[in-house]
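Peer 1: Chains A and B supply the protein sequences, listed in that same order. The opening position of the first sequence corresponds to residue 1 in the UniProt record's numbering, with each subsequent residue numbered one higher. The opening position of the second sequence corresponds to residue 1 in the UniProt record's numbering, with each subsequent residue numbered one higher.
Think of the hints as simulated: they come from the structure by calculation, not from any bench. Heads up, the beta-carbon is just placed ideally off N, CA and C, and yes, glycines get one too. Take the hints with a grain of salt, since some may be wrong.
Residues from chain B shown here face chain A by an in silico Cβ test under 10 Å; the list is partial [to be verified]:
| # | residue |
| --- | --- |
| 1 | W151 |
| 2 | D154 |
| 3 | A269 |
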Amino acid sequence: MTVYESDLPGVGKKHEIELHGDERLVVVTHNTGKREVYRRADADSDAEKLFELSDGLARTVGTVLEGAYFQPVATENIETVLGGDALIEWYEVPDHSELAGETIEAADVRQRTGVSIIAVEHGDEVTPNPDPGAGVGAGDTVVVIGSREEVDAFHAMFIDVGDGGDDAGGTDAGGDDGDGTVLD
Amino acid sequence: MAAGPTAAGDLHGLLALGILIAAATAVAAVGRRIGIPTVPLYVLGGVFVGPHVAGAVGLPSIAPAEVLTLAEVGVVLLLFFLGLEFSLDRLIAARRKLSAAAAVDLFVNFPVGVAVGLLFGLGPLGAFLVGGIVYISSSAVITKSLVDLGWIADPEAEPVLGTLVAEDLVIAVYLALAVALVAGGSPVDALPRIAVALGFLIALAVAAQVLAPRLAPYLGTSDEDLVVRTLAVALVISGLALSVGASEAVAGFFVGVGIGATPLHDRVADRIAPLRDAFAVVFFAWVGLNTDPVAVAGVAVPVVVAAALSGPAKVLSGGIGGQIYGLSRRRSLRTGLALVPRGEFSLIIAALAATSPNPTIARVIPAFAVGYVLVMAFAGTLAMSEASRIERWAGVADE
C-alpha cells in the first residue's frame with residue numbers, strides 16, 4: 001500500500017491511498033481543516049465525492065477507523081478503578097454528614113456501607129490507614145475503597161446528604177443540585 | 001449639519017460604502033444562480049452605483065475616490081494571500097516540470113495579449129498591459145471551480161495549481177515593472193524609477209526570507225494581536241512601497257511570502273481570510289465605479305478578438321503543461337480548460353492602467369479589462385462545467 005502526498009497551493013493537502021488494483025481513496029485536507037473524501041475507481045476515472053467532514057469529526061472518525069477510539073465519559077468524581085469490582089474514591093465530607101465530627105468507629109462506616117476508609121486528609125495533614133477511633137471533621141477528605149455498590153452506598157449515606165449544606169465540591173452525581181430537589 | 005445626498009449628488013462615507021457592498025453582493029447573488037463566478041459580478045455591481053450609470057441617470061452615485069483606500073487594502077490583501085500560499089521551497093521542489101509548464105503558459109499567452117494590443121493600436125505600453133491582462137489566470141475563480149467540481153481530487157489539480165503559483169511569481173515581477181512604466185515617460189526615463197522600485201522589492205523579498213521567521217513571534221499570541229499586527233505590517237510596508245513608486249500589491253505579496261514561511265501561516269490564513277474577502281469585494285466594486293459601460297461597449301471588438309484567441313491559447317498551453325506532468329490526453333485537456341478563467345489580477349492591472357497620465361491607456365485598458373474579465377470568467381467556468389462534452393467533441397473521452 002502506498003500513500004501519495006501532494007500540496008494543493010491555496011487549498012491544502014491531498015493524500016491518495018492505494019486500495020485494490022487501481023482504485024484509490026483521495027483525501028483532500030483544506031487549510032480550514034475540512035476534509036473531503038473521494039474515491040477514484042481507476043487511474044483515469046474522475047473522482048467521485050464520498051463525503052465531507054469537519055476537522056473535529058474527521059479526527060474522531062480517524063481514531064475509530066484506527067481501532068483506537070477510547071474516550072472515557074468524564075465523571076465528576078475522582079475515582080480509580082482497581083480491576084475486578086474494586087474502586088477507590090475521594091470525598092469531601094459535607095457539614096451535615098453523619099460522619100462529620102464522629103469517629104470512623106462511631107459512624108459505623110464499614111458495617112453500614114461496606115467500604116473501608118483508607119485515608120483521611122485534614123488540611124495539609126494526611127492520615128493513611130486511620131484507626132477506627134480516628135475522628136473525621138466536616139471539610140476533611142476521606143479516601144474510601146470498596147465495590148461500586150459499596151462506594152455508592154457510602155456516597156448516599158454520608159456525602160449526598162441533600163440539606164443545602166453539601167459543599168463537597170464535585171462529588172455530587174447528576175440531578176442533585178445541592179438543596180435536595182432531585183428530579184425524577 | 002451634513003446635508004443628505006441630493007437627487008444627483010454623491011453618496012458619502014458609510015452610506016457610500018454600504019451601498020457599494022450591497023450592490024456588489026446583490027448582483028453576485030443573482031449571477032450565482034446562473035453559474036457566473038462572483039469576481040466580475042462584483043465589478044458589475046459597482047458599475048451600477050457608479051457615476052457612469054447611477055450618476056448618469058440622475059440618481060445618487062458613489063465617487064470612486066470615496067472608497068479608494070479601502071479598495072487599495074483589498075488589493076494588498078489579495079496579493080498578501082497569494083504570497084502566503086506561495087512557497088519558494090515548493091517551487092524549487094517542482095522546478096523541472098513546473099518551470100517547463102509555466103514557461104509554455106507565459107510564452108503562449110502573453111504574446112497573444114501583446115498582439116491584440118498592437119492590433120488595436122494601443123502602442124507598446126498598452127500592448128504590454130493587455131499582455132498581462134490576457135496572460136494571468138484567476139486563482140480565485142479556478143480554485144473555487146476545482147473544489148466545486150471535485151477536480152481537486154483529480155490529477156489535473158497539481159499542474160493547474162502549480163501553474164497558478166508560477167503565474168503569481170511572474171505577475172509580481174510584472175507588476176513591479178508595470179508600475180514604473182505606467183507612471184509615464186519613455187522606458188529610458190523610467191529606468192531610475194524602475195531601479196528604485198525593483199531595489200525596494202528585492203530588499204523586501206530578502207527580508208521576507210531572512211527576517212520574517214525571526215519577527216514572526218512578535219506578531220502576537222492572541223488572535224486579536226495577530227490580525228491587527230499582521231494588517232499593520234502589510235499596510236505599512238505596502239504603503240512605503242507606493243511612496244517609492246513600487247507596487248503596493250507586490251509589497252503585499254512579499255509580506256505574505258514572509259509570513260507564509262513561518263509557523264503562523266495557518267492561523268494567519270484562517271483569521272485574515274474574512275478581511276480579504278470583504279476588502280476584495282470593495283476593490284472589485286471600485287473597479288466597477290470607474291467603469292463606463294459605454295467605454296466597455298466601445299472596446300467590444302478587441303474584447304471579442306482577445307477572447308477568441310486567448311481562450312484556445314490557454315487550453316493549448318495548459319494542455320501542453322498537462323503533458324509535461326505526464327497526464328493522459330483527457331486530463332491534459334482539462335488542465336487547459338481549467339486555466340481559462342481570468343479575473344482579479346487582470347483587474348489589478350486595469351486599476352494600475354487607470355492611473356496612467358496617458359488618457360488613451362487610462363480610459364481604454366480598464367474598459368477592455370472589465371469586458372474581457374466578464375467574458376472570460378463566464379467562458380472559463382462554462383469550459384470547466386462542460387468539460388465532458390468538450391472531451392467527447394475533441395475525441396479524447398475514454399468512456
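Peer 1: Next step is simple, just say for each hint if it's right about the structure.
Peer 2: Now the hints, each set against the structure:
1. W151: 8 Å, holds
2. D154: 5 Å, holds
3. A269: Hint on B/A269: holds, closest Cβ of chain A at ~6 Å, below 10 Å.
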